[in-house]
Amino acid sequence: MRWFFPVVLLGLLLAFPPIAAATGLDFYQGLLTKIMVYALAASSLNLILGYGGMVSFGHAAYFGLGAYTVAILMREGITSAWVIWAAAVGLSALLAFLIGVISLRTRGVYFIMITLAFAQMIYYLVISFKQYGGEDGLRARRPEFGFFELNDTTLYYLTLGVLLAALYLMHRLVHSRFGRVLQAIRENESRALALGYPVFRFQLVAFVLAGATAGLAGVLMAHYTQYVSPSLLAWQQSGHLMMMVILGGVGQFWGGVLGAAVLSLVEEVLQDLTIHWQLGVGVILLFIVLFAPRGLAGLLRRKV
Amino acid sequence: MPPTLFVEQVLNGFQFGLMLFLLAAGLTLVLGIMDTINLAHGSLYMIGAYLTATLVGATGNFWLAVPLAVLGTALVGMLLELSVLRQLYRRDHLSQVLATFALILIINEVVRMIWGSQPLLLSTPEGLSGPVEILPGLYYPAFRLVIIGVGLLVALLLFWLVNRTKVGMWLRAGASNREMAQAMGVPIKPLFTLLFGVGAGLSAVAGAFLGPILAVQIGMGESILILAFVVIVIGGIGSIKGALVGALLVGLVDTAGRAFLPLLLSQVASPEVASNLGPALASILIYLLMAVVLFLRPQGLFPVRT
Chain E
1 MRWFFPVVLL GLLLAFPPIA AATGLDFYQG LLTKIMVYAL AASSLNLILG YGGMVSFGHA
61 AYFGLGAYTV AILMREGITS AWVIWAAAVG LSALLAFLIG VISLRTRGVY FIMITLAFAQ
121 MIYYLVISFK QYGGEDGLRA RRPEFGFFEL NDTTLYYLTL GVLLAALYLM HRLVHSRFGR
181 VLQAIRENES RALALGYPVF RFQLVAFVLA GATAGLAGVL MAHYTQYVSP SLLAWQQSGH
241 LMMMVILGGV GQFWGGVLGA AVLSLVEEVL QDLTIHWQLG VGVILLFIVL FAPRGLAGLL
301 RRKV
Chain U
1001 MPPTLFVEQV LNGFQFGLML FLLAAGLTLV LGIMDTINLA HGSLYMIGAY LTATLVGATG
1061 NFWLAVPLAV LGTALVGMLL ELSVLRQLYR RDHLSQVLAT FALILIINEV VRMIWGSQPL
1121 LLSTPEGLSG PVEILPGLYY PAFRLVIIGV GLLVALLLFW LVNRTKVGMW LRAGASNREM
1181 AQAMGVPIKP LFTLLFGVGA GLSAVAGAFL GPILAVQIGM GESILILAFV VIVIGGIGSI
1241 KGALVGALLV GLVDTAGRAF LPLLLSQVAS PEVASNLGPA LASILIYLLM AVVLFLRPQG
1301 LFPVRT
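Quick mapping for you: the protein sequence lines, in order, are chains E and U. Residue numbers are given in this note's numbering: position 115 of the first sequence equals residue 115, and the series is strictly consecutive. Residue numbers are given in this note's numbering: position 150 of the second sequence equals residue 1150, and the series is strictly consecutive.
Hints are all accurate, no fakes.
Where chain U lies over chain E, by a calculated footprint (3+ residues, C-beta under 8 angstroms):
1) 108–121
2) 124–138
3) 243–252
4) 268–279
No lab work stands behind these hints, which were simulated from the structure alone. All C-beta atoms, glycine included, are put in the ideal place defined by N, C-alpha and C.
Construct all of the structure, not just a fragment, from the sequences and the given hints.
Now the structure itself:
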């Protein structure tokens, strides 16, 4: 029965756009796209945060860089989606590599703060480039894939496809030798070191993979909103992604997906109810941290 | 470059650095002694500024409003410690980051409910709004001089408290080895609550005096909080001396960078490049500084634990 629920969910997700078109629920198709984008970004953070034990407080930097790459390249007249995707993922990976090489020398609080500081650097850099919108942000037109046109529905399926592929790869990764070593490092770094594992290299590879994936999520976000703004890179965005991971379950495979879905839905509902919706989000988050530290996935697992 | 401009910018940097120190001092002690990351420290700074603005409105006297606001913020801080933060001491850093991130969201919304979304007006106290001639031909705002004075005074008081009193001795013992300090009979629990109140009060002082210069608005505590974290990471977590050195360094580098980098660049590069790159470089200068310090000394300039 373990496969039953996922298969039904996948069927529903695949069938949703035609149903939405027929019943006028287009809004929810957009919401689902957004949730899947966040699921991808949160899962990438969960890889280093949950499986690697690296509390990175700067994940928005890669997310935002991916999104900005789309907007800037389109602005400069490069409209091939393939070039844009490759550039965005490549740049995010490069940024993660540079940040990782320096940050992974530090531990604990220092690591949290230095990743935050680097993300702030990117944030202020982007704001200061006035020709790319500065604080106002920038329009991000949708690029051309060639054999299909990118509209709301194809983007939905594209995002679903990317998310599934990424989750499959991540599943393979965390159950591979690499993933086991990564978790061993999280549990006891000096022991992993004593066993002869190149701890730094393992962590750096995971860090770069997570950064590149977050960059890809940023690309999809830019395709979804068709607009990028510095808020994508702000430290609140990093906190938002961390919130999703802890809400869903740190180091639980479905944690990122579950957290992205639940938090996005909760925000959507609260925003309809009150302008003080952030108060509700804050209270929920506080309760989760204090009373359910293993997140929703942990709660579900305990019941089964 | 005229020398008066240079002196003025150095004074600005010094003044900003001292205010950063007031924020960073509480933060570094909480982090060093309780091993607890408190992102909501910036919210206490915001509360301090809001209380000051409100009390100035009610009493009409800045110098009466500030001590009351500091006291009020200290009480809020101690309440926060008793209700939420106390639960977090034994938890990992991730939980602390997220719980205090949640506190930021909550406090921001509560402030919005009480005071509304519009920024509050907090003007410089009367008699201090004009400039003073501190050197022949150099006029400097009187209020900023007062800030420097207050900052120095509070810093001295804090050093006296930490280095010369019994409570300070307990604090230093707790920072270097909490378990051992506890075993030697240091009353950790009330000490933590008190320390939290002091940290909140210090950040309220910064909020009260920076309020008239910057703006009293929601979210004002967040950008400055990140700067305060940069300060304590550069200085070494748990070290008051490190916080002071780090704060002055960050204050001076940030102010000097914003003032002089575009000027310097315009002499070596084309005006177009300079006007683009100058502000960009200036805004990331302190983060570069932090990255360099951490790259060379991963434990900061004045590491407390060895």
